[in-house]
Every structure is written in structure tokens, then in C-alpha cells.
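Asks: The residues making up each chain are set out below.
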Amino acid sequence: MTDLISMVVAKYNYWIYITLMMIGLYAIIAKNNLVKKIVGMNIFQTAIILFYVSISVKKGATIPILEHGHGPDAHHVVHAVDYINPLPHVLMLTAIVVGVATLGVALALAIRVYNNYNTLEEDKILAQIREK
Amino acid sequence: MIWPIDLAILTLVVVAAISALMVKDLLGASVLFGSYSFMMCLLWSIMGAVDVAFTEASVGAGVSTVLFVAAVFRTTRRTRD
Numbered sequence: 001m002t003d004l005i006s007m008v009v010a011k012y013n014y015w016i017y018i019t020l021m022m023i024g025l026y027a028i029i030a031k032n033n034l035v036k037k038i039v040g041m042n043i044f045q046t047a048i049i050l051f052y053v054s055i056s057v058k059k060g061a062t063i064p065i066l067e068h069g070h071g072p073d074a075h076h077v078v079h080a081v082d083y084i085n086p087l088p089h090v091l092m093l094t095a096i097v098v099g100v101a102t103l104g105v106a107l108a109l110a111i112r113v114y115n116n117y118n119t120l121e122e123d124k125i126l127a128q129i130r131e132k
Numbered sequence: 001m002i003w004p005i006d007l008a009i010l011t012l013v014v015v016a017a018i019s020a021l022m023v024k025d026l027l028g029a030s031v032l033f034g035s036y037s038f039m040m041c042l043l044w045s046i047m048g049a050v051d052v053a054f055t056e057a058s059v060g061a062g063v064s065t066v067l068f069v070a071a072v073f074r075t076t077r078r079t080r081d
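Protein chains in written order, with our numbering: chain H, 1 to 132; chain Z, 1 to 81.
Certain hints may be false.
[Unchecked claim] Calculated from the model, a selection of chain H residues having no Cβ within reach of chain Z, i.e. all distances over 12 Å:
1. 4
2. 33
3. 46
4. 68
5. 76
6. 77
7. 94
8. 110
9. 121
[To be verified] Counterexamples of contact, computed for chain H against chain Z with all Cβ distances above 10 Å:
10. 2
11. 3
12. 5
13. 24
14. 40
15. 49
16. 81
17. 99
18. 104
19. 129
20. 132
[To be verified] Covered by chain H, per the in silico footprint, the following chain Z stretches (three or more residues, Cβ under 8 Å):
21. 22 to 28
22. 64 to 70
Simulated from the structure, these hints should not be mistaken for laboratory data. Quick reminder that beta carbons are idealized off the backbone N, C-alpha and C, glycines included.
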């Protein structure tokens with residue numbers, strides 16, 4: 001039992017990332033409203049970003065900015081163990097911007113669908129398509 | 001990383017995500033999604049990813065919420081699920 005609890009607490013970030021991913025996937029598949037589906041898609045994207053940022057965390061390390069960068073006794077000797085790994089951060093910066101772009105396109109398409117069918121519910125839209 | 005704050009905010013993130021999907025009002029859902037994004041931003045500043053944190057605060061919590069509210073304003077607030 002203590003083993004299980006320590007395992008959950010030690011990898012809490014990863015458990016939550018899986019949970020958020022499954023919440024987003026459920027919303028994309030099972031929700032009927034188009035805006036709710038888009039919210040689910042965004043939650044899925046942020047879950048993946050959470051996974052990548054969690055990889056970069058190190059125990060006893062500081063944020064990735066050089067400590068002795070300037071001043072009279074400036075030197076640029078870098079001990080990689082003293083800094084959090086910044087590579088996943090840079091990759092995820094791109095992912096956030098791409099996420100907002102897909103959100104904008106998805107909401108624009110939802111507005112066009114609403115103008116055509118006068119509803120955002122998926123089952124009503126499908127019923128109207130079948131009637132034609 | 002300060003792990004008690006990390007655990008508390010991770011729990012709040014899940015609560016915000018579930019409530020954003022359960023609430024029966026699209027404007028409420030977009031505001032809850034904004035709070036979800038802002039808590040993600042806090043999480044990233046805790047984990048030491050400061051550049052990701054302020055990009056998320058401006059782009060994720062700011063622009064996404066504005067886009068959602070604009071889309072809800074142009075369509076409808078009502079929803080069945």
C-alpha cells in the first residue's frame with residue numbers, strides 16, 4: 001500500500017498528464033456540442049505540453065539562465081546539472097502557438113457551421129444533412 | 001520545484017478541466033477554460049519553464065479566452081451537454 005502511494009506521488013505529474021489526455025479524448029469523442037469538442041482538443045494539447053515540461057524538471061537545478069553571465073568576474077563555464085533542460089521548453093513554445101492557431105481555425109469553422117445549420121449540436125446537424 | 005504547490009495545482013487543473021466540460025453554458029465553459037489555462041501557466045512557472053509560462057499566460061489564457069468568447073457571442077450560449 002505504501003509502495004503504491006509513493007509510486008503515485010513520485011510520478012504525480014505523469015498520472016495527471018494521462019488523466020488530462022483521457023479527459024480531452026473523451027470530450028472529442030463523446031461530447032455533442034462543437035465548442036465542447038474544441039475545448040477538449042485544447043485540453044489534449046495542453047496535456048502533451050505538460051508531459052514535455054515535466055521531462056525537463058531536475059532536482060536541485062535552477063531555471064536555464066546563465067548565473068555568471070556578466071559583471072567583473074564573468075565566465076561562461078556551464079555545468080549542465082545546475083540548470084533545468086531548456087530543450088523541451090523551446091519545443092513546447094512552438095506547440096502553444098500552433099495550438100492557438102488550430103483553435104482559431106476550429107472556432108471559425110464552428111461559426112460557419114452555425115450560420116448554415118443554426119445549431120452547434122452534432123446530432124441535429126447530422127439530421128439536417130440526412131433530410132436533404 | 002516546490003512539490004506541495006505542484007500537487008495542489010495539478011489537482012485544481014483536473015477539477016477545472018472537468019468542470020469546463022460539464023457546465024451547461026458555453027460562456028461559463030470558456031471562462032473556466034481560461035482559468036484552466038492560467039493554472040497551467042502557474043504550473044509551468046513552478047516547474048522552472050518561465051518562457052513557456054509567460055507565453056501561456058498571454059497566448060493561452062488571454063487570446064484563447066477572447067477567441068472563445070467572440071465565437072460564443074456570434075453563435076449561441078445554450079448547450080445540452
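Asks: For every hint, state whether the structure bears it out.
Replies: Evaluation of the provided hints:
1. No beta-carbon of chain Z comes within 12 Å of the beta-carbon of residue 4 of chain H; the shortest separation is about 16 Å.
2. Separation of residue 33 of chain H from chain Z is inadequate, the least Cβ-Cβ distance of about 4 Å not exceeding the 12 Å criterion.
3. Against chain Z, the non-interface label of residue 46 of chain H is violated: not every CB pair exceeds 12 Å, the least being about 6 Å.
4. At the 12 Å boundary, the C-beta of residue 68 of chain H stays outside the reach of chain Z, the nearest C-beta of that chain being 19 Å off.
5. No Cβ of chain Z comes within 12 Å of the Cβ of residue 76 of chain H; the nearest lies about 20 Å off, and the non-interface call holds.
6. With 12 Å as the threshold on Cβ separation, the claim that residue 77 of chain H sits away from chain Z holds: the shortest Cβ distance comes to roughly 21 Å.
7. With a least beta-carbon separation of about 10 Å from chain Z, residue 94 of chain H fails to lie farther than 12 Å from that chain, contradicting its non-interface assignment.
8. With 12 Å as the threshold on Cβ separation, the claim that residue 110 of chain H sits away from chain Z is violated: the shortest Cβ distance comes to roughly 6 Å.
9. The Cβ of residue 121 of chain H does not lie farther than 12 Å from every Cβ of chain Z; its closest approach is about 6 Å, which violates its non-interface assignment.
10. For residue 2 of chain H, the requirement that its beta carbon stay farther than 10 Å from each beta carbon of chain Z is met, with the minimum near 17 Å.
11. Every Cβ of chain Z is farther than 10 Å from the Cβ of residue 3 of chain H; the closest lies at roughly 19 Å, confirming the non-interface assignment.
12. Listed as a non-interface residue, residue 5 of chain H keeps its Cβ farther than 10 Å from every Cβ of chain Z; the least gap is roughly 12 Å.
13. A Cβ of chain Z approaches the Cβ of residue 24 of chain H within 10 Å, the least distance being about 8 Å, so the stated non-interface status is violated.
14. Not every CB of chain Z is more than 10 Å from the CB of residue 40 of chain H (nearest about 7 Å), against its label as outside the interface.
15. Chain Z draws residue 49 of chain H into its interface by the beta-carbon criterion, the shortest separation being 8 Å against a cut-off of 10 Å.
16. No beta-carbon of chain Z comes within 10 Å of the beta-carbon of residue 81 of chain H; the shortest separation is about 14 Å.
17. With a minimum CB-CB distance of about 8 Å to chain Z, residue 99 of chain H fails to clear the 10 Å threshold, and the non-interface call is violated.
18. Consistency note on residue 104 of chain H: stated as away from chain Z, yet its beta-carbon is not over 10 Å from all of that chain's, at 6 Å minimum.
19. The Cβ of residue 129 of chain H lies farther than 10 Å from every Cβ of chain Z, with a closest approach of about 18 Å, so its non-interface assignment holds.
20. At the 10 Å boundary, the C-beta of residue 132 of chain H stays outside the reach of chain Z, the nearest C-beta of that chain being 21 Å off.
21. Judged by the Cβ-Cβ criterion of 8 Å, the stretch 22 to 28 of chain Z is not covered by chain H as claimed, because only 1 of its residues qualify and three are needed.
22. Under the rule that three or more residues need a Cβ within less than 8 Å of chain H, the assignment of the stretch 64 to 70 of chain Z holds, with 4 such residues.
Going through the hint list in order, the structure does not satisfy hints 2, 3, 7, 8, 9, 13, 14, 15, 17, 18, 21.
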